[in-house]
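*Asks:* Construct all of the structure, not just a fragment, from the sequences and the given hints.
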Amino acid sequence: MEYYFSDRKSNILGVGSTDGKGEWRIDNDIETQSVDNRPAVELSLDIHFTNDQEQAVNEMAKATNFIMYQDEEGNAHQMVIESADHDSLGHIHSIVASDAGNDLINETVGAYKADKPYTIADYITRFTNDSGWEIGVNEFPENVRTLEWTSEESSLARIIAVAKDFDAVLSFGFEFVGTNLVKHVINIRHETAGDSLIFFEMNKDINNIVTHLDTYDMETSIKAYGAVPESTNGSTNQDPINLIGYKWTDPTGQFVLDQYGFLHDTIAVQKYSRLLSNSNPNPTQSDWNRVKTFDSKSQAALLQAALADLKKYNHPNETYDIDLVNSPYVPLNQTVHIADVNQQLFLSAKVLSIQRSRANHSVKLTLGEFAHETVSFDERLSELANQMSNISKTVQYYPWLRYADDDKGTNMSAFPSGKKYMAIVWSNKSSVPSDNPADYAGKWALIQGKDGADGVPGAKGADGRTSYFHTAWANDVSGQSGFTVSGGDGKKYIGTYSDFTQADSTHPADYNWALFKGADGDVGPKGDQGLPGAKGADGRTAYAHFAYANSQDGHADFSTTDPNRKYIGFYSDFTSGDSMNPSDYSWSLIKGADGANDKDGVPGKAGADGKTSYFHIAYADSSDGKTNFSLDTPGSRKYIGSYTEFTQADSTNPAVYSWQLVQGPKGDTGPQGPQGPQGVQGTPGSKDVPFPYVQLDAPANPKKGDTWWHGTSLKDATAVQRYDGFKWVDDAIAQAVLYIKELNSIILNSAEINSPNINVPFQHVSIEGSKILSSGSLTLNGASYVISGNIEDTSGKPNGQIYHTEVNPDGLLSYITQTDGTTRMRTSRISMGVLELTDLVSGLGNSAKYITSTFNAHDAVDYYHKDSRIETNDVKNLNISYARKGPNVTIGIAFEMKTGNGWVKIANIRPGYSPFNNDDAARLLGSMSYTGAACELYVSAGGIYIIPWRGQGGYAGSLSFITHDAYPTNDAVVN
Numbered sequence: 007m008e009y010y011f012s013d014r015k016s017n018i019l020g021v022g023s024t025d026g027k028g029e030w031r032i033d034n035d036i037e038t039q040s041v042d043n044r045p046a047v048e049l050s051l052d053i054h055f056t057n058d059q060e061q062a063v064n065e066m067a068k069a070t071n072f073i074m075y076q077d078e079e080g081n082a083h084q085m086v087i088e089s090a091d092h093d094s095l096g097h098i099h100s101i102v103a104s105d106a107g108n109d110l111i112n113e114t115v116g117a118y119k120a121d122k123p124y125t126i127a128d129y130i131t132r133f134t135n136d137s138g139w140e141i142g143v144n145e146f147p148e149n150v151r152t153l154e155w156t157s158e159e160s161s162l163a164r165i166i167a168v169a170k171d172f173d174a175v176l177s178f179g180f181e182f183v184g185t186n187l188v189k190h191v192i193n194i195r196h197e198t199a200g201d202s203l204i205f206f207e208m209n210k211d212i213n214n215i216v217t218h219l220d221t222y223d224m225e226t227s228i229k230a231y232g233a234v235p236e237s238t239n240g241s242t243n244q245d246p247i248n249l250i251g252y253k254w255t256d257p258t259g260q261f262v263l264d265q266y267g268f269l270h271d272t273i274a275v276q277k278y279s280r281l282l283s284n285s286n287p288n289p290t291q292s293d294w295n296r297v298k299t300f301d302s303k304s305q306a307a308l309l310q311a312a313l314a315d316l317k318k319y320n321h322p323n324e325t326y327d328i329d330l331v332n333s334p335y336v337p338l339n340q341t342v343h344i345a346d347v348n349q350q351l352f353l354s355a356k357v358l359s360i361q362r363s364r365a366n367h368s369v370k371l372t373l374g375e376f377a378h379e380t381v382s383f384d385e386r387l388s389e390l391a392n393q394m395s396n397i398s399k400t401v402q403y404y405p406w407l408r409y410a411d412d413d414k415g416t417n418m419s420a421f422p423s424g425k426k427y428m429a430i431v432w433s434n435k436s437s438v439p440s441d442n443p444a445d446y447a448g449k450w451a452l453i454q455g456k457d458g459a460d461g462v463p464g465a466k467g468a469d470g471r472t473s474y475f476h477t478a479w480a481n482d483v484s485g486q487s488g489f490t491v492s493g494g495d496g497k498k499y500i501g502t503y504s505d506f507t508q509a510d511s512t513h514p515a516d517y518n519w520a521l522f523k524g525a526d527g528d529v530g531p532k533g534d535q536g537l538p539g540a541k542g543a544d545g546r547t548a549y550a551h552f553a554y555a556n557s558q559d560g561h562a563d564f565s566t567t568d569p570n571r572k573y574i575g576f577y578s579d580f581t582s583g584d585s586m587n588p589s590d591y592s593w594s595l596i597k598g599a600d601g602a603n604d605k606d607g608v609p610g611k612a613g614a615d616g617k618t619s620y621f622h623i624a625y626a627d628s629s630d631g632k633t634n635f636s637l638d639t640p641g642s643r644k645y646i647g648s649y650t651e652f653t654q655a656d657s658t659n660p661a662v663y664s665w666q667l668v669q670g671p672k673g674d675t676g677p678q679g680p681q682g683p684q685g686v687q688g689t690p691g692s693k694d695v696p697f698p699y700v701q702l703d704a705p706a707n708p709k710k711g712d713t714w715w716h717g718t719s720l721k722d723a724t725a726v727q728r729y730d731g732f733k734w735v736d737d738a739i740a741q742a743v744l745y746i747k748e749l750n751s752i753i754l755n756s757a758e759i760n761s762p763n764i765n766v767p768f769q770h771v772s773i774e775g776s777k778i779l780s781s782g783s784l785t786l787n788g789a790s791y792v793i794s795g796n797i798e799d800t801s802g803k804p805n806g807q808i809y810h811t812e813v814n815p816d817g818l819l820s821y822i823t824q825t826d827g828t829t830r831m832r833t834s835r836i837s838m839g840v841l842e843l844t845d846l847v848s849g850l851g852n853s854a855k856y857i858t859s860t861f862n863a864h865d866a867v868d869y870y871h872k873d874s875r876i877e878t879n880d881v882k883n884l885n886i887s888y889a890r891k892g893p894n895v896t897i898g899i900a901f902e903m904k905t906g907n908g909w910v911k912i913a914n915i916r917p918g919y920s921p922f923n924n925d926d927a928a929r930l931l932g933s934m935s936y937t938g939a940a941c942e943l944y945v946s947a948g949g950i951y952i953i954p955w956r957g958q959g960g961y962a963g964s965l966s967f968i969t970h971d972a973y974p975t976n977d978a979v980v981n
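If you read the sequence shown in my numbering, its first letter stands for residue 7, the second for the next number, and so on.
Treat the hints loosely; a few may be bogus.
[As the list claims (entries may be wrong)] Once the Cα atoms are required to be at most 25 Å apart in a straight line, the calculated DSS-like pairs of lysine-lysine come out as:
(1) LYS426 - LYS449
(2) LYS855 - LYS15
(3) LYS710 - LYS733
(4) LYS210 - LYS356
(5) LYS356 - LYS318
(6) LYS777 - LYS15
(7) LYS855 - LYS872
(8) LYS189 - LYS777
(9) LYS68 - LYS855
(10) LYS253 - LYS303
(11) LYS891 - LYS27
(12) LYS318 - LYS277
(13) LYS122 - LYS303
(14) LYS253 - LYS318
(15) LYS632 - LYS644
(16) LYS68 - LYS170
(17) LYS253 - LYS317
(18) LYS572 - LYS644
(19) LYS904 - LYS882
(20) LYS119 - LYS170
(21) LYS317 - LYS277
(22) LYS170 - LYS303
(23) LYS15 - LYS803
(24) LYS170 - LYS122
(25) LYS170 - LYS356
(26) LYS170 - LYS317
(27) LYS170 - LYS27
(28) LYS15 - LYS189
(29) LYS803 - LYS777
Because the hints were derived from the structure by calculation, they are not lab data.
*Replies:* Right, here's the structure in full:
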């Protein structure tokens, strides 16, 4: 993952990477999302830095700056750095950032009462006015509400309240061109609270499960009070709304509203009443009573509020702490499943928050809204799971999916339309599903009820509730296109979910969608196949192969399909495919000068017994050779026959020959060939030779085949006609070298264009991979190829930026400007083996400041050299190693002291490795012989110097610095 750091003007200051390959190393990055805090996204991370980078990291990652990145789901984020902690000793710069949308918390909106129903987009636009935010995706375009707020609050809090009233989910979106933010939007979507179908198992994905049970908030009966109604007579002594006198009957019989306004749970009281005993196993009194107040303004609303509260608290509160080991990314509010077989604990839970770290490759989920699940897996599914877990990793298995009218496979079909049963079989035989019902025996499952409108009931759970499995079909993965619950004929995607409601949902977002009908594959070309001969004694089939050519060796105009050649080639083997190697064939002349010598067969090479074999050919118009049989006139015959034996004379019996079609039905007329260049017009010659006339008036006494060019010369001719023996008829000009000054409204096919200037304008074309449009031109001017244009928004409105890319003989140049259209923001140039990159640092126009770097082949390799066992007046066993990558140099050194002299030169610095500043490369070397002893090492352009603290023993160490020397010429190169 790469994180881009920018200032408030979106100028990029640095790029960090979690893989350690970038300019800045990012660690411990944590992206946090939660259901309660939507649409906000929070990010924290650590940036590692060196001493040389300390000032730069403080400037790059300071509070109020931006961080930009794109997550794994393709969503672009712009975060605002809210706090930064700088640890100089630990060389870690830690920041905390939040979604840039949280800037709306700094805007305040007042009380508001709508004068009529408005859409959610109307409300959000009103409460984010002049903030720069636009409406992006809106899945609630028609829904309207009349809403009211009586107090001030932030813009962010207000739009979140709007979304809650519409049961919508908001998210912030950002659109970038490169790293330039061009739009920030608020997306409005339906809640995607579906089943993720992800299961976590104890001792596999879960370390531990801690269960908490308490009865602090439990109730089996509730006395509910609502809001105080508005007075109609001016009285201020009003009692709050209650349920006394309200008539309501629970269709299930579980809940009862009594005359005193208490709502009772008749099942819960039997479980938890203090009167419960062996002698009174089903008590109906002594409830756990609670009195609660709600904001309801009517008795009907108050009843629903009380009923929801009673259902929530009519049992002990049960919560779980689940320590997940392996956790994939699961979207917010999606359902996951937990299984602890040892406890027989099976739960479903919602994902309430997500913490994702790219550097640590981890995802941490916070789960809530736990519910018990009843496990009632079909034994056949368990068996299938066990079989699949034991499948060899080297064997490819394919899913076979079929539908039928019953569990016997009656009227089996590949499509679900009208079918009640479905079967899935995993096979290692073929990727093409079998159409034999016997292959699906025992695998059929009912997927469609009697009326096709409701879900398939599952087994009843421990609480007596029946779960239902629902299916739907659609044309895309979102389920929005072509959605239906009544049959999937022709649909590409199937959607499923399960709940405790019998009726199928008509909301595509409730389903989990999967592709079950892929696109039809392309039909491959059919290859030519040789003629099969009779089977030999060993049961193998021999094939006769023919080819055609215009030379005796078969290399001139070789073809296996076009018989319009002078020579035919033949060979036989046990492979059906024709060889494309002319040398594999025995060639014979079949189109001689006079056609008089085709009576006899073509002699082959003498065999081992001295007998000569002969190859015989005949021609006919039928596959059995009997129609228009001929030995010497292939003419327009459609079939060729052949056989080989030891008799020279050709047989006249068609049955002896093996026949092959060589002339198919007449094809379409091919394209006209190119016309040759025009010669100098001569005088009419022989009466049989067509003559081309170039004149304004019709030629006198023309003959058949003559052509007439209407004009004084071929350059100004306006038409061409040919004389058919009776009249002049229009003629066509074959493609040739045409001299045309201007060509309009014409399509050129298979033409060679010779022109120094070509211009191709384009308008509002889409830039691939984005929603950005562009207008400009592509030009070819001599040796320069140029693409230039502007950047436009989705409606085609230019934002002022200009881009330019050109290819010249000396290389490639590409740049994009700021929105002023002149200041180059980024420029790249590749010329003669050198890459040059330029970035804008600050300013615009003439005040712009840039940073430029170059890169060539020398910069990409490591240079290395070592000098060994040098001895001077002051040191011995001196070993110096030089290493260089780009401008970075590291010198390793080891030596033994001979004297105690100070500030002595022990070696010259090798060319290509001297420090940029003469004396800025120095360090203290530790003694290899004496504790506490040391030696100061200096490296400059003048040489390598030492100041030893002790004139005995050995010293060793390394020193790194920057050089501006030219690259060394004779050192080892390591790629």
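*Asks:* Hint by hint, which ones does the structure fall short of?
*Replies:* Violated: hints 7, 16 and 27.
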